[in-house]
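S.K.: Turn these sequences into a full structure, and let the hints steer you where they fit.
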Amino acid sequence: MTSFLSSRQILRIFIGLYLCLFFAYLFLPLLYMSAAAFNDSRLPAAVPWQGFTLQWFGDLFKDSMLWDSLVNSVLVGIGVVALSIPIGLNAALLLHSLEKRARTFTYGIMVSPILMPGVILGISTLVFWRGFDIGGGLHLSIFAQTTFIASYCLMMFQARLQRLDPNWEEAALDLGASHLQVMRRIILPFLMPTAIGAAVIAFLQSFENYNTTLFVYGSDRTLTIYLAGKVRIGLTPAVNALSVIFILLTVLAAVLYEWRRRAEMRPARKRRAAAATTIDQAAPVPAE
177 MTSFLSSRQI LRIFIGLYLC LFFAYLFLPL LYMSAAAFND SRLPAAVPWQ
227 GFTLQWFGDL FKDSMLWDSL VNSVLVGIGV VALSIPIGLN AALLLHSLEK
277 RARTFTYGIM VSPILMPGVI LGISTLVFWR GFDIGGGLHL SIFAQTTFIA
327 SYCLMMFQAR LQRLDPNWEE AALDLGASHL QVMRRIILPF LMPTAIGAAV
377 IAFLQSFENY NTTLFVYGSD RTLTIYLAGK VRIGLTPAVN ALSVIFILLT
427 VLAAVLYEWR RRAEMRPARK RRAAAATTID QAAPVPAE
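For what it's worth, the working numbering labels the leading residue of the sequence shown as 177, then goes sequentially.
Each hint should be verified, as a subset may be incorrect.
Said to hold, decoys possible - Here are the simulated lysine to aspartate or glutamate pairs, EDC-like style, with alpha carbons at most 16 Å apart:
#1 K406 with D239
#2 K406 with D235
#3 K406 with D244
Claimed, not checked - Pairwise CB distance ranges (calculated):
#4 R447 with Q231: 53 to 61 Å
#5 Q231 with A404: 22 to 30 Å
#6 P205 with L428: 14 to 22 Å
#7 W225 with S288: 45 to 53 Å
#8 T280 with L356: 22 to 30 Å
#9 L204 with E384: 19 to 27 Å
#10 G313 with Y208: 35 to 43 Å
#11 V247 with P224: 30 to 38 Å
#12 L428 with N266: 33 to 41 Å
#13 G313 with R188: 55 to 63 Å
Hints were generated in silico from the structure; no laboratory data involved. These figures come from a predicted structure and were not determined experimentally. Glycine included, C-beta positions come from ideal geometry on N, C-alpha and C.
M.R.: Next comes the structure, spelled out in structure tokens:
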């Protein structure tokens, strides 16, 4: 008689099925899009397959307007990072110094732009700066995106500051350090990993933004605005070729980061192993 599966085995089967569906949901569209970049078809599709070609990569590099919009997206992203990081950092430091009631109220106000639709932020930014005779362009795209991306940076810095031991600051001040020295020697180094992460998040949020940028870009189109315009007149597989390049660059960056991280951790592992060996050798042998 066939025995039934145990509860643990059933759970493992369901977890395995869930993971398969989860990764299929994530990666099958990317694989399909990547295959379309090599399909010899005028339509951006992998089915029906009409033969292998690299034509769309050549067409991609000939599209000067696409590369101009890509450069604009990078410039806007850099500008947003340059503004969002100091704004988010100073806002987090301000919240960290307030009392609990005032902190909760002020925090709610500072993160409220995240809850607003991007359309509202874009229109309000355009109307406000038009009052100073400043029209749309890359500068206005930077200002509009910073209004909500800085709030993401604020939340990341705030979460990191909650782990800061206040005894460090008090000890430094008791030893004669100034507030500027405490900021430069203790707080900023403690926040540096978060600053790097916040910069990456801010750049990616800016790079893919569409709703807010749509109202303020003027004549300086970003990549998302350019691709949205191409959708109206008909996409070509050259867009898939661009996506393949982005995917390869992302994978390459992830591999390089992981390789570098493991290389940096290898000496620490060796030191821990050597210390454990030394402790084992120094331990007294129990008498028989």
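S.K.: Hint by hint, say whether it matches the structure.
M.R.: Hint check:
no.: 1; hint: K406 with D239; in the structure: 12 Å, holds
no.: 2; hint: K406 with D235; in the structure: 14 Å, holds
no.: 3; hint: K406 with D244; in the structure: 14 Å, holds
no.: 4; hint: R447 with Q231: 53 to 61 Å; in the structure: 54 Å, holds
no.: 5; hint: Q231 with A404: 22 to 30 Å; in the structure: 24 Å, holds
no.: 6; hint: P205 with L428: 14 to 22 Å; in the structure: 20 Å, holds
no.: 7; hint: W225 with S288: 45 to 53 Å; in the structure: 50 Å, holds
no.: 8; hint: T280 with L356: 22 to 30 Å; in the structure: 29 Å, holds
no.: 9; hint: L204 with E384: 19 to 27 Å; in the structure: 21 Å, holds
no.: 10; hint: G313 with Y208: 35 to 43 Å; in the structure: 37 Å, holds
no.: 11; hint: V247 with P224: 30 to 38 Å; in the structure: 36 Å, holds
no.: 12; hint: L428 with N266: 33 to 41 Å; in the structure: 35 Å, holds
no.: 13; hint: G313 with R188: 55 to 63 Å; in the structure: 56 Å, holds
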